[in-house]
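Engineer: Given next are the chains, with one letter for each unit.
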Amino acid sequence: MDYAYYPGCSLESTGIEFHASTKAVAKELGINLIEIPDWNCCGASSAHARGHWISLALPARNMAIAEAAGLDVAIPCAACYARSKKVELEVTESEEAKEKIEEIIGRPYTGKSKARNLTEILHNDLGVDAIKAKVVKPLKGLKVLTYYGCLMSRPPEIACDDIEDPIMLDDIMTALGAEVLQWGFKTECCGGSLTACRPQVGLDMTKKIMDAAKKSGADCIVTACPMCHSNLDMRQDQLSKKYGAYNIPVYFVTEMMGVAMGMNPKDLCINRHFVEAESTLGKIGKTSEGGEA
Amino acid sequence: MLLNEKQIQNEELNKEFLRRSGVDVSKCYQCGKCSAGCPVGDHMDIPTNKVMRLAQMGLIEDAMKSSAIWLCATCSTCTTRCPKGVDVARVMETLRIMAKEHGYVAEKNVDKFHSVWMTIVGTMGRMYEPGLIVGRNFSTGKILQDTQYGVPYIAKQKLKLVPYKCKNMDEIKSLIAKAEAMDREERGNK
Amino acid sequence: MERVGVFICHCGSNIGAVVDCARVAEAVRNYPGVAYSTDYKYMCSEPGQEMIQNAIKEHNLNRVVVASCSPRMHEKTFRACVEKVGMNPYMFEMANIREHCSWVHAGKNEEATEKAIDLVKMAVSKVCKNEVLQKGHAPVTKRALVVGGGIAGIQCALDIANNGYQVDILERTPSIGGKMSQIDKTFPTIDCSACILTPKMVEASSHPNIKLITFAELEKVEGYVGNFDVTIRSKARSVDMSKCTGCGTCMTKCPGKADDEFNMKLRKRTAIYTPFPQAIPNKPVIDRESCLKFKSRKEGKDVCGICAKMCPAGAIDYEQEDELFVEKYGAIVMATGYEQFDHSVYGEYGYGKYPDVISGLHFERLVNASGPTQGHIVRPSDHKEPKTVVMVKCVGSRDPEHGKSYCSRTCCMYTAKQATMIRDHCPDTKVYVFYMDVRTPGKLYDEFYNRTREEYGVDYIRGRVSKIYQEGEQLIVKGEDTLLGQQVEIAADLVILANAMIPNPDSEKMAQTVGIGYDKDGWFTESHPKLGPVETHTAGVFLAGACQGPKDIPDSVAQAGAAAVKVCALLSKDQLETEPTVSVVDTKLCSGCGLCVPVCPYKAITLETIQERKGGKTVERQVANVNSSLCQGCGACTVTCRSGSANLKHFTNAQILAEVDALCQTMQ
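Protein chains in written order, with this note's numbering: chain R, 366 to 658; chain C, 29 to 218; chain D, 369 to 1036.
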């Protein structure tokens, strides 16, 4: 299974755990990720605040490079996925848009190369059974909340899962042996870049999600978006200072897969979280009464 | 001021708004479902359905002056659930773009964040987080914001201190210039 | 020798302000066939009609053209007018210079006048080729069929029966009663639904003129107004109705279990069952899907049979099969009612997965004394009394993206009713209603709504709900108070959705079976939205109740009465006049290709074999034959016919070509 790989800016820095675990897990599962040479930023949440064409042109260049190589693009970051999918749909649906975009980027891009969310590839192309087959350390006894955020399921035209009740992460976590709890915040927005430019607004949004997570009694949250991860993981200390203790580790789905496949948490960068995330893994295999599950 | 006079004053803006958004705002019947589900709703100066109402009444200037259009996180919950199939998020986005161009920026810090981001992408081709944080802090005057994370970030090796600069910067710069020109063109004519 | 009189109407200023009527009259005065031409302010008025009649006598006219409004408006008027002075009504033609000319070309007087002249010339050319036609007659079967045994069907049948005519009620389920039998109380008077319905059910079942055909479905409808042949499928009840006494012993020991549809699946019922205690007929049926015996038979075994052992009358008959039989009727009333919209399409409301998010009809069963909770309002999940109830209106209604575009008309009132009932039953329970608009245009309806807020203390919040999710034992309802401009969240114990009304899921199939129209949502289409609300486009088929569109009980009952009057008017005649404007086939030209047979929407065309002499021998060949009683004169066959042998009387190919010729001549 060959894919062009678009890690996006976050995975090289704040989302380094996602990058490391994605590469490790993909290798184990036989998914060949070929990084797009000299890729550029997709524009994230800023380009589309500035103009329609600039928001399409930035991701279009990456997609065009992948198309020249004849590959679909695997994109772990939900925001990068959403922006790239948008341009793919735009050129497929409108000949006029296609011509304009090709003119702007100076490369052919016909939409033949598809933007694929990494979770979607794991869930649909590879399948949960294939994942299950690689599990050597089932995540028994771990109560997890799945958190999808906005950009995997909205707006509807780019959705790669159910728009109101996505299930791909649930299926994968269940396959890994974890207990998936249900909550009403699967697709609630974490605040995105507002945490950076309007800290209090962003913090309030993060707080609502973390409050619900606390109430649920879950051990941890599992996500597939570096922006969501950054907001939920990094901002918990700010929340704690203002509103009392918050201490729920937030994992990338690929980190969890790596753990269940028997990889060393440090190789997956689990030691680099803000909320200490290694000790929670100690719960695996234990029942709530403390015995072996 | 008389409503009809105000609408006449907004006529050109309204035409521009309708052309650039491509959204039929007349379909909105003010049920409020967009506001109800908005994750930023309680921080907005006016709720989303009132932004829609202003757009529907052709009062674009008032809509552009709102902070709501800047606080919108483009999560698209509104668009997804709208019973009338109105792309509410696109309305917010178009108003935000227009507000910047016409000189109404109710949320300076949000705007500056986007500017710093686009400047870095325009220079490096990729995001450079330390640059983003420093750039944002200097432009907003909040010098210390988020600096508490600097040391842990570096300790956790989560920040690349030496930025990657795209090899093909000429191509990226030309791409940005062309796209911006096309956006400018769209603002003016048609 | 054709002597055509032409009369141009001004219709006040409707035509006169745009079309120069005097010029039109002048322009056709010397047109071939025209013997007299004039214009007048109101042709349909009494002096106008007298003017026509006098002209016919004075100028010895044998054909008349009136250029005025649409034939839908006044064709009848003018046909009667000419008939009074001895002219055959089919020697009259109408040129529509209002809807087709002055109204659509306002401000372009010159061009409109030219067009009016063309239209009149076309009508003159056609009328010259008109032939004398006579109306036909058909007998009437003095018995009606009402399809659907809900309140509309029952009321309609009673009204027809009380007028002295025989009427059958065809009901799909084992009992008549319909949705009204599931409802607890009725607005705005809060009288018990069963208390006012069951007497009508009993009256229908014991009426000498009414026959109930329950657990049966409409299979096929043939024939035409006054003479329908209806094939009915009587579904296998597995109980011999003639032996069963309705004692109910069979149901006491039945081990088969199924979801109780009557109680909205809030409890189980036995496999042999009557839907509810007051069911009519009060004789059970076996649901073969859940019966152990029938299930075991599918696996080659044959177990159970307890009901047969219990039955003292020996009425259980496992070998019964569906039966088809044909009945004759003069008129059909469709009263097939509605179903409730399924809210599981809404992901934001939990895709129907939360047990404590229920529909309005669920609530009716919950609050009903003979329902699964004996009338105690409790949550389905844990049977605790809810302390906070949130009601959400317009679920599926007024939602073109995810549901239906229309307003379901009844929800505002039934929500208000249910809110007051909760406050009555559980005075400590807080009730919130999310609404977009409150629409209460019925008698004493708005007063009821205001009492709900003012006296019962129900909080109405204007805004649609964006999301409902489970948190612990409670449901969090996220909405917006658009009047305050603030988001609101309510932790509710029970959420009641006011689900839209949708047509019976089989409505489109039924409409096709009966041959009537339906709209994009599946509601049956009335013949005119204002002036023909209970008629359909198919003569002899009428509509009653919610099958025509969302309706509450008072409106359904009123419409049922109206449909009954139409039925009685039809059945009171010994013979029906039939239009002579039907299709005929010239067998000399017909090649027997049969293309016209499937295009006929009234199944009026058949192929038949004729014998003819050819070259001294008798040969047989097939030709199309039109049953003039069935033919409605739509003309579909005439345009399909490749040999031109099918011709619609009064709209013959020659007549239409004459019109085209007239138009082409002026264009040259």
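Hints are computed from structural coordinates only; laboratory data are not their basis. Errors might be hidden in some of the hints.
To be verified - No farther apart than 16 Å at their CA atoms in a straight line, the calculated lysine to aspartate or glutamate pairs in the EDC-like style are these:
{"id": "1", "chain 1": "C", "residue 1": "206", "chain 2": "R", "residue 2": "643"}
{"id": "2", "chain 1": "C", "residue 1": "206", "chain 2": "R", "residue 2": "467"}
{"id": "3", "chain 1": "C", "residue 1": "184", "chain 2": "R", "residue 2": "377"}
{"id": "4", "chain 1": "C", "residue 1": "193", "chain 2": "R", "residue 2": "377"}
{"id": "5", "chain 1": "C", "residue 1": "188", "chain 2": "R", "residue 2": "377"}
{"id": "6", "chain 1": "R", "residue 1": "573", "chain 2": "D", "residue 2": "857"}
{"id": "7", "chain 1": "C", "residue 1": "201", "chain 2": "R", "residue 2": "403"}
{"id": "8", "chain 1": "C", "residue 1": "112", "chain 2": "D", "residue 2": "769"}
{"id": "9", "chain 1": "R", "residue 1": "573", "chain 2": "C", "residue 2": "73"}
{"id": "10", "chain 1": "C", "residue 1": "78", "chain 2": "D", "residue 2": "849"}
{"id": "11", "chain 1": "R", "residue 1": "465", "chain 2": "C", "residue 2": "214"}
{"id": "12", "chain 1": "C", "residue 1": "206", "chain 2": "R", "residue 2": "464"}
{"id": "13", "chain 1": "R", "residue 1": "606", "chain 2": "C", "residue 2": "174"}
{"id": "14", "chain 1": "C", "residue 1": "184", "chain 2": "R", "residue 2": "527"}
{"id": "15", "chain 1": "R", "residue 1": "465", "chain 2": "C", "residue 2": "174"}
{"id": "16", "chain 1": "R", "residue 1": "580", "chain 2": "D", "residue 2": "841"}
{"id": "17", "chain 1": "D", "residue 1": "721", "chain 2": "R", "residue 2": "544"}
{"id": "18", "chain 1": "R", "residue 1": "479", "chain 2": "R", "residue 2": "455"}
{"id": "19", "chain 1": "C", "residue 1": "55", "chain 2": "D", "residue 2": "849"}
Engineer: The structure should be examined with respect to each hint, and the outcome stated for every one.
Structural biologist: These are the hints, each one checked on the structure:
{"no.": "1", "hint": "C:206 x R:643", "result": "violated (48 Å)"}
{"no.": "2", "hint": "C:206 x R:467", "result": "holds (11 Å)"}
{"no.": "3", "hint": "C:184 x R:377", "result": "holds (13 Å)"}
{"no.": "4", "hint": "C:193 x R:377", "result": "holds (13 Å)"}
{"no.": "5", "hint": "C:188 x R:377", "result": "holds (7 Å)"}
{"no.": "6", "hint": "R:573 x D:857", "result": "holds (13 Å)"}
{"no.": "7", "hint": "C:201 x R:403", "result": "holds (14 Å)"}
{"no.": "8", "hint": "C:112 x D:769", "result": "holds (6 Å)"}
{"no.": "9", "hint": "R:573 x C:73", "result": "violated (20 Å)"}
{"no.": "10", "hint": "C:78 x D:849", "result": "holds (12 Å)"}
{"no.": "11", "hint": "R:465 x C:214", "result": "holds (12 Å)"}
{"no.": "12", "hint": "C:206 x R:464", "result": "holds (13 Å)"}
{"no.": "13", "hint": "R:606 x C:174", "result": "holds (14 Å)"}
{"no.": "14", "hint": "C:184 x R:527", "result": "violated (35 Å)"}
{"no.": "15", "hint": "R:465 x C:174", "result": "violated (40 Å)"}
{"no.": "16", "hint": "R:580 x D:841", "result": "holds (12 Å)"}
{"no.": "17", "hint": "D:721 x R:544", "result": "violated (19 Å)"}
{"no.": "18", "hint": "R:479 x R:455", "result": "holds (12 Å)"}
{"no.": "19", "hint": "C:55 x D:849", "result": "violated (20 Å)"}
Hint compliance for this structure: hints 1, 9, 14, 15, 17 and 19 are not met, and every other hint is.
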